Every structure is written in C-alpha cells, then in structure tokens.
Amino acid sequence: MNRAVLGLFVRKEFRDLRSNRQLWPAFFLLPAVSIFLPLLLLALLPLLGDPARLGHDAGIDLLIQTVANDPTLRGDSLQERIARLLLRDLGLFYLLVGVILASGAAALALVREKEQRTLEPILATPIRDRDLLLAKLLAAIGPALLVAWGSAFAGSMTGLIAGYWRTGKLILPTAGNLVGWLLLAPALAILAALAALRVSARFTDVPGATQFTGLVVLPLSLIFVALLGRPAMASPLVGIAGSALVGLLSVWLFNGNARRFKREEILTRWR
Amino acid sequence: MIEARSLTRSFAGRLAVEDVSFRVPEGRLCALLGPNGAGKTTTVRLLLGLLPPSSGQAEVAGHLLPGSERTGAELRANTGLLTEAPGFYDRMSGQENLELFGRLYGLRDPELRSRGEQWLRRLELWEARDQPFGTWSKGMKQRLALIRAVLHEPPVLFLDEPTSGLDPAVAREVRDLIADFRREGRTILLCTHNLAEAEELADLVGILRRRMLAFGSPADLTAGQPRLAVQLAGSVAVDQWGGGGAAREALRSLPGVREISLDGTTLRFVVDELTRDTPVVVREVIRQGGEVLSVRPLTTSLEEVYLHAVREVLT
Chain A
1 MNRAVLGLFV RKEFRDLRSN RQLWPAFFLL PAVSIFLPLL LLALLPLLGD PARLGHDAGI
61 DLLIQTVAND PTLRGDSLQE RIARLLLRDL GLFYLLVGVI LASGAAALAL VREKEQRTLE
121 PILATPIRDR DLLLAKLLAA IGPALLVAWG SAFAGSMTGL IAGYWRTGKL ILPTAGNLVG
181 WLLLAPALAI LAALAALRVS ARFTDVPGAT QFTGLVVLPL SLIFVALLGR PAMASPLVGI
241 AGSALVGLLS VWLFNGNARR FKREEILTRW R
Chain B
272 MIEARSLTRS FAGRLAVEDV SFRVPEGRLC ALLGPNGAGK TTTVRLLLGL LPPSSGQAEV
332 AGHLLPGSER TGAELRANTG LLTEAPGFYD RMSGQENLEL FGRLYGLRDP ELRSRGEQWL
392 RRLELWEARD QPFGTWSKGM KQRLALIRAV LHEPPVLFLD EPTSGLDPAV AREVRDLIAD
452 FRREGRTILL CTHNLAEAEE LADLVGILRR RMLAFGSPAD LTAGQPRLAV QLAGSVAVDQ
512 WGGGGAAREA LRSLPGVREI SLDGTTLRFV VDELTRDTPV VVREVIRQGG EVLSVRPLTT
572 SLEEVYLHAV REVLT
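Quick mapping for you: the protein sequence lines, in order, are chains A and B. Residues in the first sequence are numbered consecutively from 1, following the numbering used here. Residues in the second sequence are numbered consecutively from 272, following the numbering used here.
Calculated directly from the structure, the hints in this document are not laboratory data. A quick note: this is a predicted structure, and the numbers were derived from the prediction, not measured. Glycine included, every Cβ here is placed at the ideal spot set by N, Cα and C. A couple of the hints might just be wrong.
What the hints assert, rightly or not - The following residues of chain A were derived to be distant from chain B, with all beta-carbon distances above 10 Å: (1) 16; (2) 41; (3) 51; (4) 61; (5) 76; (6) 119; (7) 236.
To be verified - Which stretches of chain B does chain A cover? Using the computed rule of at least three CB atoms under 8 Å from a CB of chain A, they are: (8) 319-329; (9) 335-347; (10) 354-364; (11) 368-377.
All chains should be built: construct the whole structure from the sequences, respecting the hints.
What follows is the structure, given as structure tokens:
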C-alpha cells in the first residue's frame with residue numbers, strides 16, 4: 001500500500017467533498033438534528049413518565065414496562081429512568097449519521113470521476129486498484145465519522161444539560177454508547193461505504209448511483225444499524241462483538257470490490 | 272518500443288480490434304488513422320495494459336502484456352497518455368491538478384515542482400497556474416494534458432486525438448510540441464483523424480478499421496503505382512479521347528500503360544515506370560493529334576491511400 005498516494009487521494013477527496021453542494025447540507029443538517037433531538041425528547045419527559053397515564057396509553061405502558069425490566073437503567077424516579085433510556089437509545093442516531101454520510105459520499109466517489117472524465121487518466125497512472133479503492137473509502141468515511149462523532153459529542157452535551165434540567169441528575173453516555181460510537185459506528189460506516197462504492201463503480205451516472213444507494217444500500221445498512229445498534233447501546237460486549245462481525249463483513253466486501261473493480265468495464269461503459 | 276502481436280479484443284462478442292500487429296521502433300512516431308469506432312482508443316488501452324486482450328500480446332517499453340498488476344503499474348510508470356478529454360478537476364487550479372497527477376506518477380518535491388514550473392512556463396501556462404482549471408480555455412486545457420503526459424519523462428507516449436476540437440493556431444502549437452517530443456527521442460503512438468497531421472509528424476502510419484489495413488512509412492504507403500497526367504490544349508473531343516475513342520484505344524495498347532481516364536481536358540495514365548513510359552505516352556498523344564499543354568507525374572496522397580483502404584473494407 002502506497003501511503004503517499006493514499007494521503008494524496010484522501011486530501012483530494014476531502015477537497016472535492018467540500019465543494020459538493022449535493023452532499024454538504026447533510027453534513028450540517030444531521031449534527032443540528034443531533035443537538036435538537038435530546039432537547040425534544042427530554043422536553044416531553046413529563047408526558048412520557050406520567051404515572052397518571054398508565055393503563056390509558058399503550059405506548060407509555062410499553063415504555064414504563066421496558067424501563068422496569070431493564071436492570072441497567074437505574075434511577076431515583078421513573079422519569080430519571082425513562083430519561084436514561086431515551087438518551088441511551090438516542091445513541092443509535094449517531095450510528096445512522098455515519099452510515100448516511102459515508103454511503104452518500106462513497107456513492108459519488110467513482111461515478112463522479114467517470115462523469116468528469118478523470119478516471120481514465122487516473123487509471124493510466126501506476127496507481128493500483130486497491131490503493132484507489134482504499135483512498136476512496138477513507139475519503140468517504142473520514143468526514144462522515146468526524147461528523148458522527150461530533151454529533152455524538154454535541155448530543156451528549158445537550159443530553160447532559162437537558163437531563164440535569166429535567167431530573168436534577170447528570171446523565172452520562174453509557175459504556176454501550178461509547179463502544180457503539182467508537183467501534184460500531186466506524187464499522188457500519190465502512191460497510192455502508194463499501195457497498196456504495198460497489199454501486200459507484202458500476203453506475204455511469206451520478207443520479208443513478210445516488211438513487212440506487214438511497215433505495216437499496218441505505219435501507220440495507222439501516223437494517224444492520226437496527227439489528228446491532230440497539231443491543232449494542234445496552235451492552236458494550238454486544239457492541240464489540242457486532243463491530244467485529246461488521247468488520248469481517250467489510251473485509252470480505254473490500255476484497256470483493258477490489259476483485260470486481262474491472263478497469264475494462266469502467267473504461268468501456270462511459271456514458 | 273511499441274509492438275503489438277496479433278492483438279484481438281472483443282466486447283460482448285463484438286470484435287473491437289482484430290489481429291492487430293505492428294511495431295514502432297524506439298524514437299519513432301507512429302500515427303494510427305481510422306474512422307470513429309475503428310478501434311484506435313481500444314488499441315491504446317490494450318497497449319497501456321488498461322484492458323486485457325482477448326488474445327495476442329504486446330510489448331511496450333520493455334514490458335510484456337498481458338502481465339500481472341505489477342507489470343501494468345510499471346508499464347504505466349514508463350508511459351504517458353493524453354486522453355481525448357483532458358480529464359482534470361475543474362475546481363482545482365492547473366498547478367494543483369498537475370501536482371496531483373505528478374505524485375500519482377511517483378514524482379516528489381522538489382523535482383515535481385521544478386519540472387512543473389519548467390513545463391508550465393514553456394507552454395505559457397505559468398501565469399494562469401493558480402486559476403481553477405474549469406476557467407481555462409480549451410487550448411490551455413489541452414496543453415496541460417500534454418504536460419501531464421510527459422511530466423514523469425516517459426520514453427513512450429500515447430496521444431489520443433491531441434488536436435481534436437482545437438482552433439488552428441492552438442492545433443499548430445500542439446503539433447509543434449509533439450514534434451519536439453519526437454525530437455527528444457520518445458516513442459509515440461498518435462491516434463488521429465487528421466491526415467495532414469499524420470503526414471506532417473509521422474515516421475510510420477497505420478490505417479486501422481478493426482484490423483490493421485495498412486502499415487508503413489508515409490512514403491511507402493503513398494508510393495503505389497506510378498501515375499501521369501497529360502493536359503491537352505483547347506477542347507477535347509470525347510468521342511476520340513473518351514472511352515472507346517480511337518485515340519484512347521491507341522494509347523491503351525502502349526506496352527507500359529495500365530489504365531487511362533479522361534478528366535475534363537486532362538488524360539490520366541497509370542503506367543509501369545514513369546521515366547520509361549512518359550515519353551512514349553506523350554509521343555503517342557501527339558501522334559493522335561493532341562496538343563500537349565503540360566505533363567506531370569501524379570503522386571498519391573495519404574488521404575487517397577486512407578480512403579482507398581477504408582472503402583475497400585466497407586465494400
């Protein structure tokens with residue numbers, strides 16, 4: 001692996017991303033939502049944790065039952081335990097941020113080079129397929145993870161403040177949250193980006209690649225987030241195991257991408 | 272040196288290039304002529320190792336193809352490619368684009384910067400180097416693409432339609448630059464539609480239409496059968512000099528004459544040997560009552576050779 005070439009491409013991709021007006025709104029919108037969501041949920045806390053509504057609202061009944069059955073949610077009051085549940089499970093959202101942004105950037109990574117007619121001159125250089133794909137992957141997940149982690153930090157701070165305002169307690173992220181954000185979020189973002197890169201290599205137009213990614217790759221990635229994310233938020237061990245599983249899948253997918261990266265197909269399927 | 276040995280490539284069962292063989296010795300420029308879709312770009316991609324051949328082999332700059340990924344990478348480090356579209360990033364400046372590709376070709380500072388500056392100055396792009404590439408004129412873009420092709424000083428260059436879509440002045444500049452590259456001793460494969468460009472620059476010419484229809488030096492290709500034009504004075508009686516006319520039949524019976532045609536007041540002859548047959552033909556024309564205004568040998572242009580070869584395939 002040529003580090004100089006990787007660094008070069010990553011810098012170029014960052015630069016390209018900065019000027020991509022299709023993608024940038026998502027990079028601002030999702031962190032904004034991540035600050036707003038804990039505030040909204042904790043503002044509704046008195047309604048959600050109102051014992052007077054018990055037996056009248058199935059949703060509230062389920063929520064209270066969940067809190068009661070989860071030994072990890074300790075607290076002096078029902079409201080505090082519900083607040084802990086809400087903030088813990090909100091951690092899932094930051095996994096989504098990484099997946100959405102990484103797959104969005106990766107979907108454009110190769111197809112934009114095709115549209116700009118820059119791919120053939122790149123392929124005519126001594127760069128190897130694996131280096132090119134790795135650079136594209138790193139460039140797609142780097143900014144996505146920075147935003148995801150930034151959003152998680154901002155959301156945690158908001159949760160801390162809003163939690164204190166509502167319950168009088170400092171509600172810190174759980175160990176599951178931290179493992180999820182630091183391990184599972186990158187693993188899921190990499191998996192989604194690799195799938196989107198495969199799409200980007202096969203499509204010849206940007207709208208086609210982004211639509212396919214939005215309609216197929218993203219929903220499939222969200223299934224992974226849903227299946228692994230919530231248990232991981234509750235248990236750091238599940239988070240570690242889930243990250244390892246997704247990591248193995250990613251290695252398999254990367255090797256598949258490298259094998260299926262057919263220069264001939266790419267060069268002969270220009271629009 | 273560039274050598275193709277029976278290169279064949281098909282896409283989904285359709286032959287793009289079939290049994291193409293040719294050799295361009297070191298330091299020579301070969302122009303590959305052919306209509307759109309003739310397989311010129313596919314041939315270049317095969318020779319660069321960007322596409323594997325369906326069958327056949329090639330040797331470029333000492334590297335055998337098809338080869339491993341490493342062979343392909345080494346080959347590409349020793350070759351430069353000018354694609355039909357410049358292929359740079361519009362939002363990056365000209366210099367940034369050049370540095371990006373220079374690094375991909377393995378160049379490092381300070382060599383990269385000094386070479387970049389040298390070339391940008393030589394091609395009068397230095398002043399515009401910091402402006403976004405997207406704002407450059409077509410000629411400037413093409414010159415930058417040429418710099419990219421030679422920045423890493425490859426011994427072999429592939430130039431795909433280098434003057435396509437350029438105004439005559441810029442096309443002239445680009446042709447002069449290609450001539451400079453050739454003088455510097457690079458081996459060059461130039462794909463073009465421009466026959467005058469090929470005639471001006473090339474040591475060797477290949478006419479490609481899926482197969483290699485003709486290959487050789489321009490002089491060899493245009494040598495062909497000797498031809499002669501005899502222009503007659505005054506009005507020319509078609510019944511005498513045209514098809515079936517008595518004078519024409521007399522000329523046709525001359526031993527060295529192969530073909531005769533009448534074009535206005537000019538008689539065209541295809542003969543066996545120009546120096547031997549010209550006086551015989553002229554004497555016979557005069558004997559038949561023709562007043563000879565001028566006599567000149569006819570040369571075959573590359574255009575005629577090209578059109579003849581391409582049409583022959585079509586029919």
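Okay, the hints, checked on the actual structure:
Residue placement check: residue 16 of chain A does not keep its beta carbon more than 10 Å from all beta carbons of chain B (closest about 7 Å). Every C-beta of chain B lies more than 10 Å from that of residue 41 of chain A, the closest at about 40 Å, which supports listing it as non-interface. With a cut of 10 Å on Cβ distances, residue 51 of chain A stays outside the contact zone with chain B, its closest approach being about 59 Å. The claim that residue 61 of chain A is not at the interface with chain B holds, since no C-beta of that chain comes within 10 Å of its own (minimum 56 Å).
With a least beta-carbon separation of about 56 Å from chain B, residue 76 of chain A lies farther than 10 Å from that chain, consistent with its non-interface assignment. Not every CB of chain B is more than 10 Å from the CB of residue 119 of chain A (nearest about 8 Å), against its label as outside the interface. Every Cβ of chain B is farther than 10 Å from the Cβ of residue 236 of chain A; the closest lies at roughly 41 Å, confirming the non-interface assignment. For the stretch 319-329 of chain B, the stated coverage by chain A holds: 4 residues have a C-beta nearer than 8 Å to a C-beta of that chain, and at least 3 were required.
Here's how the stretch 335-347 of chain B fares: 4 of its residues keep a CB closer than 8 Å to some CB of chain A, so the rule of at least three is met and the hint holds. Residues of the stretch 354-364 of chain B with a Cβ under 8 Å from some Cβ of chain A number 9, which satisfies the need for three, so the listed coverage holds. Beta-carbon proximity to chain A at under 8 Å applies to 6 residues in the stretch 368-377 of chain B; the threshold of 3 is reached and the given coverage holds.
When the structure is compared with the earlier hints, violations turn up for hints 1 and 6 and for no others.
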